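A.B. asks: If you read the protein sequences in the order shown, they are chains A and B.
In this text, residue positions in the first sequence follow this note's numbering: the first is 311, and each later residue adds one.
In this text, residue positions in the second sequence follow this note's numbering: the first is 18, and each later residue adds one.
Rather than coming from a laboratory, the hints here were simulated on the basis of the structure.
Since we're looking at a predicted model, the values are computed, not measured.
Note that beta-carbon positions come from the ideal geometry of N, C-alpha and C, so glycine has one too.
One or more of the hints may lead you astray.
Sample of chain B residues facing chain A (criterion: CB under 7 angstroms; computed from the structure) [to be verified]: (1) Y81; (2) G113; (3) L114; (4) S116; (5) T117; (6) Q120.
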Amino acid sequence: AQKVTQAQTEISVVEKEDVTLDCVYETRDTTYYLFWYKQPPSGELVFLIRRNSFDEQNEISGRYSWNFQKSTSSFNFTITASQVVDSAVYFCALSEANQAGTALIFGKGTTLSVSS
Amino acid sequence: DAGITQSPRHKVTETGTPVTLRCHQTENHRYMYWYRQDPGHGLRLIHYSYGVKDTDKGEVSDGYSVSRSKTEDFLLTLESATSSQTSVYFCAIRAGLASTDTQYFGPGTRLTVL
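Using the sequences and the hints, build the whole thing.
C.D. replies: Set out below in structure tokens:
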């Protein structure tokens with residue numbers, strides 16, 4: 311069965327610190343995609359990244375970077391030089407290719423608090 | 018912005034009353050979803066639709082029904098609301114036909130059942 315685990319419930323850092331949010335997934339499918347979403351205090355869900363199971367290259371977008379390792383079934387998210395605006399709940403999610411109409415399987419989220 | 022709106026954005030109702038939440042999209046996406054978000058559970062799928070009048074159940078569908086009579090609208094109905102249905106409800110669209118295409122979410126509806 312598919313599952314996404316975000317073991318860190320809450321993380322608190324001070325501005326300019328680097329922070330890594332962990333995501334571990336389980337799936338029997340060989341073709342799948344992984345996602346990260348951000349939910350700021352205003353409540354909306356903002357798409358950050360989508361990654362397929364055949365592409366293990368790290369991805370960097372500004373201060374954000376993602377490390378995908380199939381060997382450990384992990385898709386971790388690092389924020390470099392964190393800012394107060396990064397304070398949010400971050401969700402990792404999984405989607406499998408072999409299920410038509412499939413939902414996203416979400417982790418329970420990690421709440422990141424960045425203080426100034 | 019995927020052109021998704023939800024109405025109402027906030028609602029307080031009493032146990033036993035029917036409630037309908039509306040999701041509206043402007044970009045003609047085939048797949049639409051209803052999720053609920055609860056503390057400690059992340060987001061969980063209630064129902065989804067893969068076309069007009071085509072719907073299927075998700076993980077937590079008990080107590081909910083849906084309808085899709087037009088491509089742009091996906092309605093979620095609580096026939097007789099219970100306190101356990103107090104939650105934040107998100108509608109989503111899938112931006113393509115592949116099951117792994119990105120889902121984009123509406124702004125959410127906060128429902129309180131007293």
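A.B. asks: Could you work out which earlier hints the structure fails to respect and list their numbers in ascending sequence?
C.D. replies: 1, 2 and 3
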